[in-house]
Amino acid sequence: MISTEYIFLILVYAPIYVNGICNSQIGPLRTTECSLVNNFNTKQWHSCLTNIYIQQQSQGRHRCGDETVRYCNYPCMHEVYYLEANLVIDPCTCNDSSVLPASALPTECLSPDGSDCDWYKNCLERKYSCQGTPTEHMATYAKTFCELHTQHNELFSDRAQRWIDDARKCLQMALVPFVRPFNNGNCQKIRERAFDSYKPCYIRPYPEVASICHMTRRDWLRIFWTLKTAFIASAPIAYSSLQNVVDTFNECSMDTEANDFGHIFKEFKLTIDLIDTPWDNLNKDQSDQIAVRIAHQIARIALAPPQRWGWYAYGIPLTSMQHSPTGYKQMAIELLVADLPGIVNETLVPPVNITNVEFNEIIMRIENAVIKGNLLIQIDNGTYYVSQMTYCLDAKCYATTENYSASPYAPKNGSNNNAYCFSIIFFFLFTCFFCNLIRFTALY
264 MISTEYIFLI LVYAPIYVNG ICNSQIGPLR TTECSLVNNF NTKQWHSCLT
314 NIYIQQQSQG RHRCGDETVR YCNYPCMHEV YYLEANLVID PCTCNDSSVL
364 PASALPTECL SPDGSDCDWY KNCLERKYSC QGTPTEHMAT YAKTFCELHT
414 QHNELFSDRA QRWIDDARKC LQMALVPFVR PFNNGNCQKI RERAFDSYKP
464 CYIRPYPEVA SICHMTRRDW LRIFWTLKTA FIASAPIAYS SLQNVVDTFN
514 ECSMDTEAND FGHIFKEFKL TIDLIDTPWD NLNKDQSDQI AVRIAHQIAR
564 IALAPPQRWG WYAYGIPLTS MQHSPTGYKQ MAIELLVADL PGIVNETLVP
614 PVNITNVEFN EIIMRIENAV IKGNLLIQID NGTYYVSQMT YCLDAKCYAT
664 TENYSASPYA PKNGSNNNAY CFSIIFFFLF TCFFCNLIRF TALY
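According to our numbering, the sequence shown is numbered sequentially starting from 264.
Check each hint, because a few of them may be wrong.
[Claimed, not checked] Cut-off 20 Å, straight-line C-alpha distance, at most; resulting in silico cross-link-like pairs (DMTMM-like, lysine to aspartate or glutamate):
#1 Lys452 with Asp353
#2 Lys406 with Glu388
#3 Lys384 with Asp353
#4 Lys452 with Asp428
#5 Lys529 with Glu597
#6 Lys592 with Asp548
#7 Lys406 with Asp376
#8 Lys452 with Glu388
#9 Lys390 with Asp482
#10 Lys529 with Glu624
#11 Lys452 with Glu399
#12 Lys532 with Glu471
#13 Lys406 with Asp353
#14 Lys547 with Asp510
#15 Lys406 with Asp459
#16 Lys659 with Asp523
#17 Lys529 with Asp482
Rather than coming from a laboratory, the hints here were simulated on the basis of the structure.
Using the sequences and the hints, build the whole thing.
Written as structure tokens, this is what we have:
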């Protein structure tokens, strides 16, 4: 077995020119053959594909041997596993007696160039029924990301437009092998492949002209909140793909400047007391999903509907477990709040003494709710109390200011009074029962 490091070096430094046996000018695309290729131990499936697709799929490492060739055969192990040499494994293995089922998919599904946003619905979803699964949310995200280029391109700078175009093609290319007749995948494998492709497609999409790491604050705000609007009514699990792009941006972004768009966008760090939760130790997915639910509840309390105002949150890792003054375990989340019409406004520029009255009122409601201890959030998986809020001065919340704190959480007095009243009533009933028992015994 070839090590991961060795494979990476081959892919980056050893481009291969793929010579094919299907017709170099007309294909056809539906041709699939079982044959032997150099550096592999046995026969494997080869698909007749376009030169454009092969270059996009391999990120420039492979192409048909002649510049004039439009079609050529492409080995399964190259396409599915990105391997140049190794043992041939499923679903690529075949022999001379192997027969493939006929594909019911349209020809355009088999060798796309990554620019058709309907490919997910017309091709991938046509072969795999993933409705109602997390994979459905992944497909929604992929289509929405693709449509950043087709429906919202005018919002972005030239550099951002190029990055979006390259990244959307890269994301689609990662899933095309699942429509091959020899590939009988499933929804879980599709989702895993998609998630594995996110970071490399965001950071170094072919042909590597632009990267998410170099997005300006203006472009990033528009990219993120345009994507977010597709998930307003979605369950928290649907945000996994969206959170992945946030994590990647936060990891590599060069943007360390102060927030110049405070009139339409704010970031906060919230400290959350875990009053009642079924988990002892939260993993990242759990804390992210809880954070999204908390953000939605804060939007309701602040009277700021998500159809008009942008709300999002995610978990912030803590170096060690923290506790509140009253002994509750704590978690931290980053809360993002935005004026959505302001984000997509054509004149979005750093403000010069701009006052956004509506936006400021919403922020003040959040501040007051924290100070008064009104942010006791009850959701399906527990009860959470916002005990502290600080403003983030930069994109990664390294610097904060304006600390707002709530009183330490304690059960409502009403709860104690109810318990006290119940104990008095119980004592009275027990006393009456005991007295009647003595009287009854005396009579007999």
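Right, here's what the structure says about each hint:
Taking the CA atoms of lysine 452 and aspartate 353, the gap is near 14 Å; set against the 20 Å cutoff, the hint holds. Between the alpha carbons of lysine 406 and glutamate 388 the distance comes to roughly 12 Å, so the proposed pair stays at or under 20 Å and holds. Restraint check for lysine 384 and aspartate 353: the C-alpha separation of about 26 Å exceeds 20 Å, so the hint is violated. Simply put, lysine 452 and aspartate 428 have alpha-carbon atoms about 25 Å apart, too far for the 20 Å limit, and the pair is violated.
Distance hint between lysine 529 and glutamate 597 is fulfilled; the C-alpha atoms sit about 10 Å from each other, no more than 20 Å. Our distance criterion of 20 Å between C-alpha atoms is met by lysine 592 and aspartate 548, whose separation comes to about 18 Å. For the proposed pair lysine 406 and aspartate 376, the alpha carbon gap of about 15 Å is at most 20 Å, so the pair holds. Our distance criterion of 20 Å between C-alpha atoms is met by lysine 452 and glutamate 388, whose separation comes to about 14 Å.
For the suggested pair lysine 390 and aspartate 482, the alpha carbons sit about 35 Å apart, so the restraint of at most 20 Å is broken. Taken as a hint, the lysine 529 and glutamate 624 pair is honoured in the structure, with Cα atoms around 13 Å apart against an allowance of 20 Å. Under the criterion of a C-alpha separation no larger than 20 Å, the hint pairing lysine 452 with glutamate 399 is consistent with the structure, at around 13 Å. At roughly 34 Å between alpha-carbon atoms, lysine 532 and glutamate 471 are farther apart than 20 Å, so this suggested pair is violated.
About 29 Å separates the Cα atoms of lysine 406 and aspartate 353, which puts this hinted pair outside 20 Å; it is violated. For the proposed pair lysine 547 and aspartate 510, the alpha carbon gap of about 11 Å is at most 20 Å, so the pair holds. Our distance criterion of 20 Å between C-alpha atoms is met by lysine 406 and aspartate 459, whose separation comes to about 17 Å. Of the pairs offered as hints, the one joining lysine 659 and aspartate 523 holds, with about 14 Å between alpha carbons and a cut-off of 20 Å not exceeded.
For the hint pairing lysine 529 with aspartate 482, the CA-to-CA distance comes to about 16 Å; that is within 20 Å, so the pair holds.
Taken one by one, the earlier hints fail for this structure at numbers 3, 4, 9, 12 and 13, listed in ascending order.
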